[in-house]
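*Asks:* Sequence:
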Amino acid sequence: MAVLKVIEVLANSDKSWEDAAKNALEQATKSVKNIRSIYINEQSATVKDGKIDDYRVNVKITFEVQ
11 MAVLKVIEVL ANSDKSWEDA AKNALEQATK SVKNIRSIYI NEQSATVKDG KIDDYRVNVK
71 ITFEVQ
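The sequence shown maps to residues 11 to 76 in the working numbering.
Don't take every hint at face value.
Calculated pairs, DSBU-like style, for lysine-lysine (alpha carbon to alpha carbon, straight line, at most 35 Å) [claimed, not checked]:
#, residue 1, residue 2
1, Lys43, Lys70
2, Lys25, Lys70
3, Lys32, Lys58
What the hints contain is simulated information worked out from the structure, not anything from laboratory work.
Keep in mind it's a predicted model, so treat the numbers as computed, not measured.
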């Protein structure tokens with residue numbers, strides 16, 4: 011039986027929500043090992059001059075504790 015832990019990460023991108031999720035995962039892999047999954051919990055965006063300026067995601071990352 012594996013022991014899993016879930017952390018919450020906030021990330022952003024000026025390109026897309028998908029890119030923001032990739033940024034969250036890239037940052038998490040710098041300090042967390044054995045990542046099993048990523049769950050996009052929430053998406054939002056900021057608007058500037060009638061256009062999306064910044065894409066934001068709140069993700070939950072699951073990893074195995076050794």
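*Asks:* Does each hint hold? Answer for all of them.
*Replies:* These are the hints, each one checked on the structure:
no. : hint           : result
1   : Lys43 to Lys70 : 15 Å, holds
2   : Lys25 to Lys70 : 21 Å, holds
3   : Lys32 to Lys58 : 23 Å, holds
Checked against the numbered hints above, the structure violates none of them.
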